[in-house]
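J.: Listed here are the chains, written in short residue letters.
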Amino acid sequence: MNISIVLIVLLVGAIATYVSGNKLASKIALLTSIAAFGATLYALNAFNGGENLDVNTIWINRPAVNFALHVDGLSMAMLLLTTGLLPLIIASGFVTKFENEKAIYALMLFMGFAMAGTFLAADGFLYYIFWEIALIPIYFIALKWGNGDIEARKKAILKFFIYTFAGSLFMLLAFIYLYTKGGSFDINKLYALQLNSTEKTYIFFAFFLAYAIKIPVVPFHTWQANTYSKAPGVGTMLLSGIMLKMGLYSVLRWQLPLSDSAAKEYMPIIVALSIAGIIYGAVVTLKQKNIKKLLAYSSLSHVGLIAAGLYSLTIEGFQGAVLQMLSHGLVIVGLFYVVELIYNRYHTYEIKEMGGIRIQDTYFASLFMIIMLASVALPTTFNFIGEFNLLYSLFKVNMWYAIIAGTTIILGAFYMLRMFQKVMLGGETKSFQKISKQESIVLVIIVVVTIFFGLFPQPIIDLIEPSLQSILTQIK
Amino acid sequence: MNTTILLLLFAPLVGFLINIFFGKSLGKTVSGVIGTATVFISFLCTLCLFSQINSGAETIKFHLADWFTVGSIKVNFSFLLDQLSVLWLLFVTGIGTLIHLYSISYMHDDENMHKFFSYLNLFVFFMIALVAGSNLLIMFIGWEGVGLCSYLLIGFWYKNQDYNDAAKKAFIMNRIGDLGFLIGIFILGYTFNTLEFLEIKSLLGKDVISPSLLSIAALCLFIGACGKSAQLPLSTWLPDAMAGPTPVSALIHAATMVTAGIFMVTRMNFLFDLTPDVQNVIAIVGTITAVVAASIGLVQNDIKKVLAYSTVSQLGLMFLALGLGAYEVAVFHVITHAFFKACLFLGSGSVIHALHGEQDMRNMGGLRKVMPITFWTMMISTLAISGIFPFSGFWSKDEILMTAFHANIPLWVIGSIASIMTAFYMFRLMYLTFFNDFRGTEEQKHHLHESPALITVPLIILGTLAAVGGVISLPGNSWLNHYMAPLFAHKAHGEHHLDSQAYMLMAIATIGALVGIGIAYSMYLKKKQVPVADNEVQGLHKVLSNKYYLDEIYMAIIVKPLYAISTFAKNFIEKYLSKTVFGFGSATYALSIQGKRIQNGNIGVYLFAFILGICGFLIYLFNIRN
Amino acid sequence: MSTLIAIVGIGIFCLLAEIMNLRKIIIPVTIVSLMALFGLTLTGNLPEIKGYESMIVMDSYGKIFSCLFILLTALLVLQSAPSYVKGTKVSDFISIKVFMLSGAVAMVTFTNMAMFFLGIEVLSIGLYVLAGSDRLNIKSNEAGMKYFLMGSFASGILLFGIAMLYGATGAFDVATLQEASISASTEYWFYIGVILITIGMLFKVAATPMHFWAPDVYEGSPTQVTAMMSTLAKVTAMASFFKLITILNSQMLYSYTEVIIVVTIATMLFGNIMALRQKKIKRVLAYSGVSHTGFMLLTLLNINEAQNNLLFYATSYAIAGLAAFSVVLFVIKNEDNDQIDNFNGLAKKSPLMAFIMTIALLSMAGIPILAGFFAKFFLLSQIITSGFIGLAIVAIINSMIAVFYYFKVIVAMYTKEAEYEKEYANHSEYYIVGIVAAILLLVIGLFPDALMNLL
Amino acid sequence: MNILETVGINNYIMLSALLFCIGAFGLLYRRNAIIMFMSIEIMLNAVNLLLVAFSSYHEDPSGQVFVFFTMAVAAAEVAVGLAILVSVFRNIGNIDIDNLKNLKG
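Line by line, the protein sequences give chains D, F, L and A.
The opening position of the first sequence corresponds to residue 1 in the working numbering, with each subsequent residue numbered one higher.
The opening position of the second sequence corresponds to residue 1 in the working numbering, with each subsequent residue numbered one higher.
The opening position of the third sequence corresponds to residue 1 in the working numbering, with each subsequent residue numbered one higher.
The opening position of the fourth sequence corresponds to residue 1 in the working numbering, with each subsequent residue numbered one higher.
This is chain D alone, in the form it adopts within the complex (with noise of 0.2 Å):
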């Protein structure tokens, strides 16, 4: 038993689902999604068992690079966000009716496996190559499956990939400039390698300039709104719910050990940034008129906290990184299947053209608020725990800091809420079908997850502490 079986399924499956032809495909990759979940499962137990799930062949000679993925508690956290969220995702499609359904689906999954890839992997190179193929599939998902006027959509998308392309090439940089140094692509020789302060000083920022366009921190962020209202629901959940959490735990795995000393000295200005960034996204939600910019730039508030965590570099802050990116995934996944949801009803993202809609569907409606409510970070909600480290790593390094970050709680309530209200309550304006219980399924498993790691996140925070401490004694 080794992880890479994951990997497997999720290939063999995309292939699967390709062949399979439209009419089985969204099954197939259904399927495929909880096999990977299952063996995802399967490979947790045996890592608490103890086994060892790493996998190290040598797949190029010249440079050294090893098919090495390794497994931690951080990448098995990781591991599980993706391939749970995938099957959720993939029947959140169920809701819409796509042309070349098998392409979809099919990149759907190649996606996950990219995905699932750059959070296993345990070579600089490797990790690189999972990470820039994990853009190929939403490229197309957004442009061939997205919604809005093609021009304007085809920019928008092209803008993304451009942009994060571009934020990645400077990343190979980095990687290439280690390995003249170190001769290695091994994580834990690169980790061990002596450079001097300038060099990781540019190292770091090289790093970050990848990461700071996927996460995306303020003000690099410029793609995102966009590229979330002209993606498809899905891969508006697939952009928000696990890729942009790339970015934000190779910050974690890959940027903060191999800059150490940089890390710290930029420290400050890096989390002030992060921190701008949650002020800045809270304060441009409020106004914004189509639901999906919105809950683009809520993300982007939310995920500046979360980086703001990360750079803190403190163990509060990495935990509570960890924890907000997955529940962060579980809700912003459902907000937007929310979304599809009402979208698939009103066809408008428009929210002034909503309303109405809690009278005639109470049972939405709850959801929806239970959901949205998580995202504001009530307590017993999964999101609280994490925000609540996350601040309180904040509050560790400097009080202002976390007064400042703060006000999210009291923004994001603001936004929110007055979203909710917009959307859901009021007289009734225009008739809404009722949601289907298999429509409501996604919503429900999310709902659930929710609040079981809210009140019981104890075993993930097991699950993820020894490898943070690692990665923060590296630093160190």
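Hints listed in this document are in silico derivations from the structure and should not be mistaken for laboratory results.
Since we're looking at a predicted model, the values are computed, not measured.
Please note: incorrect hints may appear among the correct ones.
What the hints assert, rightly or not - Distance ranges between label pairs, derived from CB positions:
{"no.": "1", "chain 1": "F", "residue 1": "Asn571", "chain 2": "L", "residue 2": "Gly387", "range": "18 to 26 Å"}
{"no.": "2", "chain 1": "L", "residue 1": "Ile393", "chain 2": "F", "residue 2": "Gly583", "range": "17 to 25 Å"}
{"no.": "3", "chain 1": "L", "residue 1": "Phe447", "chain 2": "A", "residue 2": "Asn102", "range": "44 to 52 Å"}
{"no.": "4", "chain 1": "D", "residue 1": "Leu24", "chain 2": "L", "residue 2": "Glu48", "range": "57 to 65 Å"}
As the list claims (entries may be wrong) - Calculated Cβ distances over 10 Å to all of chain D for the following chain F residues:
{"no.": "5", "residue": "Leu6"}
{"no.": "6", "residue": "Cys48"}
{"no.": "7", "residue": "Lys168"}
{"no.": "8", "residue": "Asp178"}
{"no.": "9", "residue": "Thr236"}
{"no.": "10", "residue": "Val281"}
{"no.": "11", "residue": "Ala354"}
{"no.": "12", "residue": "Glu358"}
{"no.": "13", "residue": "Val457"}
{"no.": "14", "residue": "Val468"}
{"no.": "15", "residue": "Val515"}
{"no.": "16", "residue": "Leu525"}
{"no.": "17", "residue": "Ile619"}
Glycine included, C-beta positions come from ideal geometry on N, C-alpha and C.
Following the hints, position chains F, L and A against chain D.
T.: Chains F, L and A alone, transformed into the frame defined by chain D:
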């Protein structure tokens, strides 16, 4: 014992779950009964616990489950039952039961009654968690949980967007306080590595923390309390919260939730005792709130708004007591206030019910004869709140003022003015509602009736309690002070000797109240004045009816600028940021056009460039070489 | 030597086949024999023929590149087969292509400048002919004319350079020249010669400012000829340039390096920026070729270590080009119209071809797991190792710009609808070449070692 | 040999460079395709002159052999060039190179 605690805790939750999932199919009455019964079970459990925890007895710590760890801080689901929490639980669940009972009748016409009960149950659950939690985070769960329920219940009639606005406002203003609370939690957690009350208490004795940090922590916690208990400057949400159904106003926005701030400060008394500066702040904020809210209450015409401002004002008095370190006095007033204010709200609900939703006192009057039970229970409560001997409010308010007198004369003066105003506007309310002739429409007049027993019985019980509640803490022989003694480090403040000074103060307070009543009597009963329409008010009156323009000020200095910034950011910054970033792209794109001009298809140009290139090469290389 | 002779033999066979009325078998026989030759040369099983004062020596560099050229030619011949179905000129064109291959092989295996000169002229003259081969098409005429004029000008310069080398050393053979390049007492004519040869070769590889011919000629030539120019001719010129620099200037002076850097940057930037606004697919590929030239020129900065990188880059570029041109040929049935609009809706009509095109373009853009990514990766690591970090950043910026125009085509294929019912040139040859090339791109990407270890 | 000694190799180089430049400028300035071809021929012949001069200078025959190569190649080139020219002429009716501006951008 553990079973009792579990039952206490989870009975309302079970009620919530039953009602939310099956309420609709169970029918209105059944869901109402379930809702009431579960809270009643909690009440019984509390009684049971109350009988075991007496003054000086060991407190009960109950560990339910582990929650999570933050760094080196362990946070658990654990509960602390001591004198304070049991006392609080007693009136929370007790009044809760009564209000549930009342709601069965009051909400019977609403199609979403099961939802109403489920939210109420959920509220009680969170309130129990808030009160019984043994660490700051459990308290915070309850704290935010009750805020959520408050949001849900204020916006219970969600078809009306104004109500939704009120609900949203309540939630957000509470969140401002919550941020303060959270920062306070961080400071304490960071300093003590624990969030358990008892551990913090024992660690505080050791001299490890800088006083300034401690002050900041206390101040942050107090900001949290301000939000929840509607103290200035975070007070404006509470009057708006009257949009909710009246039982909600009674339970949440009068008797229980809004006193959570006082509970928290009392719970953390060992902390506040060490930070006299913050105590001063609390006292001042409380006093100012008391008088400001009371003055607004003078001119309100909505029956529930009057009560709401009265609540804010009374909460201000409680904070005054807290600020002076007289925690048991504050608790005493919380309890009596819970009785009479709940009674008043429920009474007003009864009136509104009778008038089919009419809340404007200008359209009431003369209800005394039609609704005798409502009238008399409300009258008792009004006397109590006005501080007339021997009703409960007299004792508790008197103790607050007496404490203030001993500590700080100006605060006492202002507090007294607030209570005179209280007497005035409460009697104004009574006169406008129950005396003179009915001023409503003919149709309303036909339907006037006394409310059914389910409504009047809670009124009677609460009215009785409002009348006699003072006995728990009579001056000189205070059971309450004695009971709560183990909680506080110092000797109870409230134990004033009944010397001549005390009598004099009581007399002054009573006279003040009577003056207030007298003015109200002359204006509204004798002269039969009716407040003028909203657009005719002028001068100071106008300022008061517009609540000192607080909402407008907030609108102008916070919300509007925020929106303006948001619009600016959305339309300008975003646009230009995006343009800057992609300006590189546009620039290369523009270069491309220029490039296409060079590539004009003329072979001469190509050759020329070629030869230029050669020349450049040769010149450069040979210049370097030589 | 024997490889060269065999190639010439195949060419002569083509000519003879015409006489013997065996037109139909020309293409299959050519391809099969080229493939056989490929195998034999690669495994080294070909008997070595000595003679002509060893003017041709099959060292490992020459061998591997020759194999690449043979493979490319075989695929190109296959790809061009549909264009010659009707015409009677099949033997002429096929034989020209095969003879061009012989020129190409000579260009990487020479040990004497005469051989080099002959090789480059055989290749160039063949291309002049092919460029203008669509006689009745004014564009083809223009392409041929432009190419011819500028090409012979460049040849003149090249020749002048060779003459100067001869003047400085009194010999044409490589060993002597190499010695002279190291020796301190060499006359300055030698350096003039080196510079002039450099300029000539920069023309052949289409580097700025000598690249102006490339887009025009690519556009005007018949598409299958364009394919040949942009793959075989470019790669050959680059390999040969590399070899020349190794011989003539192995201890490169810093000023020379500077010039190469400037040219490299200019080439990359010019190619990429110009490609942005092109509406015709052949021009896009032409400019993209220019920018790829810029990348390949980077190998000149480390001649001692970079031959693997050059091989890798050249291979992945040429194969991606082959794949792309298969699709272009498939789509542009009508030679007059090669607008990108033609690709609209291709994904629906022929998902396979769209997929091949996507793979090809992604590989050129340097998206991971495809060969092009590794090519760029190796290049970048090479220049970073030698300390040109700024240059690496410029290269990266260029990669970004390139994404713009590659994706323009992809967008056209996947999102737009064809405005009218379009007919495609539905020939199995295009499919075969496209699929083979796409698979090669993927395989090279998955096992880059295999290619890297060849040299 | 004598001639070379009296004239000096540098002058030969100068002469051929001059010839070469004349060819280059001819190519640059003239727009008649035939004249441009002639210019190219001048350039190539300049090289031939140079090669022969060097051959004599080094007393080495290989330079002269190379001249034969060059002449052969030049002949082939011109043959191809003229063929293209003919088809251009057939298509547009003249041989002014300025008319060939269809391919641009």
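J.: Now tell me if each hint is right for this structure.
T.: Hints and how they fare:
no.	hint	result
1	Asn571(F) <-> Gly387(L): 18 to 26 Å	violated, 47 Å
2	Ile393(L) <-> Gly583(F): 17 to 25 Å	holds, 18 Å
3	Phe447(L) <-> Asn102(A): 44 to 52 Å	holds, 45 Å
4	Leu24(D) <-> Glu48(L): 57 to 65 Å	holds, 58 Å
5	Leu6	holds, 15 Å
6	Cys48	holds, 27 Å
7	Lys168	violated, 5 Å
8	Asp178	violated, 7 Å
9	Thr236	holds, 15 Å
10	Val281	holds, 18 Å
11	Ala354	holds, 27 Å
12	Glu358	holds, 22 Å
13	Val457	holds, 32 Å
14	Val468	holds, 38 Å
15	Val515	holds, 43 Å
16	Leu525	holds, 42 Å
17	Ile619	holds, 34 Å
Of the numbered hints listed earlier, those contradicted by the structure are 1, 7 and 8.
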